[in-house]
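Undergrad: What follows is the residue order along each chain.
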Amino acid sequence: MVTPITHILPYTTVQRRRLLPREGRVVVRQGQAVRATDVIATAVLKPSHTMLDVAAGLGVTRSAAAGFIERYEGDKLETGDVVARKTGLFNRVVRSPVAGRIVLMTDGYVLIEEKQQPFELQAGIPGEVAELMHEFGAVIETTGALIQGIWGNGMIDFGVLTVLAENPGDELQAGQVDVSLRGAVLMAGTCRSPEAFQRAADQRLRGLILGSMPSELIPAARRLPFPLILTDGFGTVPMNQAAFRLLSTSQKRDIALNAEPHNPETGVRPEILIPLPPSDAETAIEVGRLETGQRVQVMRAPHKGAWGVVESILPGRTLFPNGLRLPAAQVRLEAGESIRVPTANLEIINSS
Amino acid sequence: MATSLVDADTLLAIDVGTMMTRAFFFDAVASSYRFVALGEAPSTYGPPLNDASEGIRAAIDDLQSKTGRTFVNDDEMLISPALANGIGVDTVAATVSAVPPLRILAAGLLDDISVQSARNLASTIYAEIVDSISMNDRRKLSEKIDEILRQRPDLIIVAGGSENGASRSVIKLLDPIGLACYLMPERQRPTVLFAGNSGVAAEVRDALNALAIVATAPNLRPTLESEQLGPAEGELRSLFRKIHSARNPGLGELDAWTSGRLLPGATGFGRMIRFISKNDHRKAVLGVDVGASSTVIAAAHKGDLRQRIYSRLGVGQGLEGMLRQASLARIAGWLPFAASESTVRDYILDKLAHPHTIPMTAEDAAMELALAREVIRGAMLDMRTHIPATFPELRGGLLPAVEPLIVSGSVLAGAPNPGLAMLAILDALEPAGVTVVLADVNNLLPSLGAAAEINGILPVQVLESGVLKSLGTVIAPIGNARTGTLILRIRAALPSGEERKIDVKQGMLTTIPLEVGQRAELHLQPLLRYDVGLGGPGRGGTLKVVGGQMGVVIDARGRPLDLPDDRAKRLSTVQKWYAVMTSK
Chain A
22 MVTPITHILP YTTVQRRRLL PREGRVVVRQ GQAVRATDVI ATAVLKPSHT MLDVAAGLGV
82 TRSAAAGFIE RYEGDKLETG DVVARKTGLF NRVVRSPVAG RIVLMTDGYV LIEEKQQPFE
142 LQAGIPGEVA ELMHEFGAVI ETTGALIQGI WGNGMIDFGV LTVLAENPGD ELQAGQVDVS
202 LRGAVLMAGT CRSPEAFQRA ADQRLRGLIL GSMPSELIPA ARRLPFPLIL TDGFGTVPMN
262 QAAFRLLSTS QKRDIALNAE PHNPETGVRP EILIPLPPSD AETAIEVGRL ETGQRVQVMR
322 APHKGAWGVV ESILPGRTLF PNGLRLPAAQ VRLEAGESIR VPTANLEIIN SS
Chain B
17 MATSLVDADT LLAIDVGTMM TRAFFFDAVA SSYRFVALGE APSTYGPPLN DASEGIRAAI
77 DDLQSKTGRT FVNDDEMLIS PALANGIGVD TVAATVSAVP PLRILAAGLL DDISVQSARN
137 LASTIYAEIV DSISMNDRRK LSEKIDEILR QRPDLIIVAG GSENGASRSV IKLLDPIGLA
197 CYLMPERQRP TVLFAGNSGV AAEVRDALNA LAIVATAPNL RPTLESEQLG PAEGELRSLF
257 RKIHSARNPG LGELDAWTSG RLLPGATGFG RMIRFISKND HRKAVLGVDV GASSTVIAAA
317 HKGDLRQRIY SRLGVGQGLE GMLRQASLAR IAGWLPFAAS ESTVRDYILD KLAHPHTIPM
377 TAEDAAMELA LAREVIRGAM LDMRTHIPAT FPELRGGLLP AVEPLIVSGS VLAGAPNPGL
437 AMLAILDALE PAGVTVVLAD VNNLLPSLGA AAEINGILPV QVLESGVLKS LGTVIAPIGN
497 ARTGTLILRI RAALPSGEER KIDVKQGMLT TIPLEVGQRA ELHLQPLLRY DVGLGGPGRG
557 GTLKVVGGQM GVVIDARGRP LDLPDDRAKR LSTVQKWYAV MTSK
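These protein sequences, in sequence, are chains A and B.
Per our numbering, residue 22 is the first one in the first sequence, and the count goes up by one each step.
Per our numbering, residue 17 is the first one in the second sequence, and the count goes up by one each step.
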């Protein structure tokens, strides 16, 4: 049975396909080393065109207009460049009102694609370009520690990790963020203070990792100039032990945050990567199948957030106290209790 | 309807949903088609597999283990038609609702006529309108081109020009479309469906053939006054099927199994609602299917189906739309416990991160039903504008007089507590008069609708076998009295021989227990010209009812439902309703 999987791995090989939302230009080569923020491909996402009516501009018929056009399809233009000219008693010219490129000439019209600042696709994780995806992007491969989160504010950056939490539930206070943290990536259990966000932005942090935050902070989180990743959820849920352990033992290491929001249609999730030297680490599996002995997290109340190990997959359907009959597993929680949980409410935790 | 089966074919129906893939098996039992068994597995349409095949095969495996029959061979290939020894299956039908909505650009001459018709056509499949272009669009040609390039629609529906009507302006409409297609990479160009003046169809093909795949369909507006979607719907479905089959290998395979008859689940659902509406012409039929990523509302009267698909509005992934549109305070207001807006927002965000999960506590179940209420209310707000005046109604502004009212989707039809599901349905839809609420507990209707294409008798007989479970009969008197006023007297002759008298007061919500399948006779005597749907205001009569899970529900809370603004009063009101509906 295919089950969602969350990776919290101290050492693994990660391959990430980084693609433009539409065709563009790939600007890296295979084998090239990249940082998380390096641009690997560019594309114009919001094209803008200008249609020049040459026939009207020169005061000639549509069929005659083509004869006065001095440019060709594909020509680059600067603002004010002459596109068409009619000489005679009264000279007339049609100039380009924009900088760009001629993409079409038809029936006395010239269509110019305006020069645009393209969207730049960043590598997202530091690593090596393993494969090029023609016109769309590349596969980046790297080795290191990988922690997947559940929410991100859409930014990408990297820096040196500073752990501010002694316990997974420790709250980030505005007063903790001072000038000594400039350029750091901070880790804390939770944060309820918009002031802490403001201080973090003022001190030019490079990233923030939290177990959780109240959902009303989402607008403030989206305005942050650096990536913010939640590992566990909304509210004041402490950070899960595996992520906390991994991060709190990585103090002062380089760390990269790709806080792309979770997208169920593409499977993209926010991710934290701590690069480590390459070795023979196994590639993190992407398709989870629920089996006995696996570590899992319960995603729904009661026991929401609890971790445990699958003792057995129960045959058929199990009747639950609320009257539902569902496929289920017997799970031994870390606290010792053994419970029955619908398999739909479990996520595999790939951690060691 | 008694129909004998001379040569009964077995049928396997596959439904690929956002969360679950289901495999239904139908066979003839005692000369009549019956739904035999259901196999289920989590869908694999989306990431990480992005291939529906594994979910389909796992659902078939589950079905095989439940029926002891074999449908696929050792190579997991479907055995169809069935072999002489009974292995395999004779016919296959399939539906899909897991797909993301097609991005559609609607083009037409006039915004409120042909463009609206193009929009209406789009709403018969899982679709979202990303832009529209019309003659009265004041944007420059280059701006229209830019918008098409930005939006990258999957499909462009071009309507406009009545038969023997406008032609030049229809061709002019194609300028930005053709130019935008020219500027796009070939493999990303949209398909164009022309459903306008048939007199210019050939010219449209000539103009666009080199730039895009062009399909044509009968005119959506043969005259200015009349809209005719039906004939074009088939062509649109065919494009839907081709586009999605090409994108997901599993769907492509499923389409091949069905010989190109893969259907949007909503279409199958709508077909069945239309079919049921032909039984009783006095009332309309309403179908509400609340899925994880979309909601479908289908209303039909005498075979006239009006259906809208609300893509990206559902109780799973579709909650993203709720987060933007719905008032969190209103959602919290349906809960039987005090909850802040941020609690509701946290819940929605958690659900969005883990849409496959199932509520297991009473609090979570109440939250899901509160979300479902707002999903349905949001959809109905729009749906009401598409229900024609020909549909019967007790009073303007209310839900048409419907019977039955059919609900589908696990949040309502699969809710563990039928009383709370019924309460959510009443709160969200506010039916008027008398109706029976049926639940499609196995999500069978889409598959039956798809099966109808290859076996017309099967859906009829399966429906007659009672696959829709009754939640109960609802009596909702309509009038204008103050809360606490006596508005209706009911004398109930129960199957036990007992006679029970109930005085119904305005504002009351109560139930008369009546076990599933048991029959009772209710004599209704409305007072103060209240209307219970028995022929007009003040008219009463005898009603023969059949019991459901909630028996008979008397909902005299008034229409429209008026909840107190004060939080504490509202909470206490909702708690009272919860108590009534869970006290069975």
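The hints are simulated quantities; they were obtained by calculation from the structure and are not laboratory data.
Computed from a predicted structure; not experimentally measured.
Please note that a few of the clues may not be correct.
Claimed, not checked - Only some residues are given here: those of chain A computed to face chain B with a beta carbon under 7 Å:
{"no.": "1", "residue": "63"}
{"no.": "2", "residue": "67"}
{"no.": "3", "residue": "69"}
{"no.": "4", "residue": "71"}
{"no.": "5", "residue": "241"}
{"no.": "6", "residue": "259"}
{"no.": "7", "residue": "312"}
{"no.": "8", "residue": "320"}
{"no.": "9", "residue": "365"}
{"no.": "10", "residue": "366"}
Claimed, not checked - For lysine-lysine, the following DSBU-like pairs were computed, each having C-alpha atoms within a straight-line distance of at most 30 Å:
{"no.": "11", "chain 1": "B", "residue 1": "188", "chain 2": "A", "residue 2": "136"}
{"no.": "12", "chain 1": "B", "residue 1": "188", "chain 2": "A", "residue 2": "67"}
{"no.": "13", "chain 1": "B", "residue 1": "521", "chain 2": "B", "residue 2": "592"}
{"no.": "14", "chain 1": "B", "residue 1": "294", "chain 2": "B", "residue 2": "318"}
{"no.": "15", "chain 1": "A", "residue 1": "67", "chain 2": "B", "residue 2": "156"}
{"no.": "16", "chain 1": "B", "residue 1": "585", "chain 2": "B", "residue 2": "560"}
{"no.": "17", "chain 1": "A", "residue 1": "136", "chain 2": "A", "residue 2": "97"}
{"no.": "18", "chain 1": "B", "residue 1": "592", "chain 2": "A", "residue 2": "325"}
{"no.": "19", "chain 1": "A", "residue 1": "107", "chain 2": "B", "residue 2": "294"}
{"no.": "20", "chain 1": "B", "residue 1": "82", "chain 2": "A", "residue 2": "107"}
{"no.": "21", "chain 1": "B", "residue 1": "485", "chain 2": "B", "residue 2": "82"}
{"no.": "22", "chain 1": "B", "residue 1": "294", "chain 2": "A", "residue 2": "136"}
{"no.": "23", "chain 1": "A", "residue 1": "97", "chain 2": "B", "residue 2": "560"}
Backbone N, C-alpha and C fix where the C-beta goes; we use that ideal spot for every residue, glycine too.
Undergrad: All the hints need checking, so say for each whether the structure fits it.
TA: Each hint, compared with the structure:
1. Of the supplied interface hints, the one on residue 63 of chain A is violated, with its beta-carbon coming no nearer than about 16 Å to a beta-carbon of chain B, more than 7 Å.
2. For residue 67 of chain A, the shortest C-beta to C-beta distance to chain B is roughly 5 Å, which falls under 7 Å, so the interface hint holds.
3. For residue 69 of chain A, the suggested interface contact is upheld, since its CB lies about 6 Å from the closest CB of chain B, less than 7 Å.
4. Restraint check, residue 71 of chain A versus chain B: the minimum CB separation of about 6 Å is within 7 Å; hint holds.
5. Interface hint status for residue 241 of chain A: violated, as the beta-carbon distance to the closest one in chain B is roughly 14 Å, over 7 Å.
6. With a cut of 7 Å, the hint placing residue 259 of chain A at the interface with chain B is violated, because the nearest CB-to-CB distance is about 15 Å.
7. Violation of the interface hint for residue 312 of chain A is found here, the shortest Cβ-Cβ separation to chain B being roughly 15 Å, above the 7 Å cut-off.
8. This hint holds: residue 320 of chain A has a C-beta 5 Å from the nearest C-beta of chain B, less than the 7 Å allowed.
9. Evaluation of the residue 365 of chain A hint against chain B yields a held restraint, the C-beta minimum of about 5 Å falling below 7 Å.
10. Taken as an interface hint, residue 366 of chain A checks out: its beta carbon lies about 5 Å from the nearest beta carbon of chain B, inside 7 Å.
11. For the hint linking residue 188 of chain B to residue 136 of chain A, the alpha-carbon distance of about 28 Å falls within 30 Å, and the restraint holds.
12. Between residue 188 of chain B and residue 67 of chain A, the direct Cα distance comes to roughly 25 Å. Compliance with the 30 Å bound is thereby established for this hinted pair.
13. Restraint check for residue 521 of chain B and residue 592 of chain B: satisfied, since their Cα atoms lie roughly 15 Å apart, inside the 30 Å limit.
14. Between residue 294 of chain B and residue 318 of chain B the alpha-carbon distance is near 5 Å, which keeps this suggested pair within the 30 Å criterion.
15. As the CA atoms of residue 67 of chain A and residue 156 of chain B are separated by approximately 16 Å, the hinted pair is consistent with the 30 Å bound.
16. Restraint check: the Cα-Cα separation between residue 585 of chain B and residue 560 of chain B comes to about 37 Å, which exceeds 30 Å; the hinted pair is violated.
17. Simply put, residue 136 of chain A and residue 97 of chain A have alpha-carbon atoms about 9 Å apart, close enough for the 30 Å limit, and the pair holds.
18. Taking the CA atoms of residue 592 of chain B and residue 325 of chain A, the gap is about 29 Å. The hint holds against a cut of 30 Å.
19. With a C-alpha separation of about 72 Å, the suggested pair residue 107 of chain A and residue 294 of chain B falls outside the 30 Å cut-off, and the hint is violated.
20. Annotation: proposed proximity of residue 82 of chain B to residue 107 of chain A is violated, straight-line Cα distance about 82 Å (limit 30 Å).
21. At most 30 Å may separate the alpha-carbon atoms for a hinted pair to count; residue 485 of chain B and residue 82 of chain B meet this at roughly 22 Å.
22. A threshold of 30 Å between alpha carbons decides the hint, and for residue 294 of chain B with residue 136 of chain A the separation of about 60 Å lies outside it, so the pair is violated.
23. Our distance criterion of 30 Å between C-alpha atoms is broken by residue 97 of chain A and residue 560 of chain B, whose separation comes to about 80 Å.
Hints 1, 5, 6, 7, 16, 19, 20, 22, 23 from the list above are not met by this structure, while the remaining hints are.
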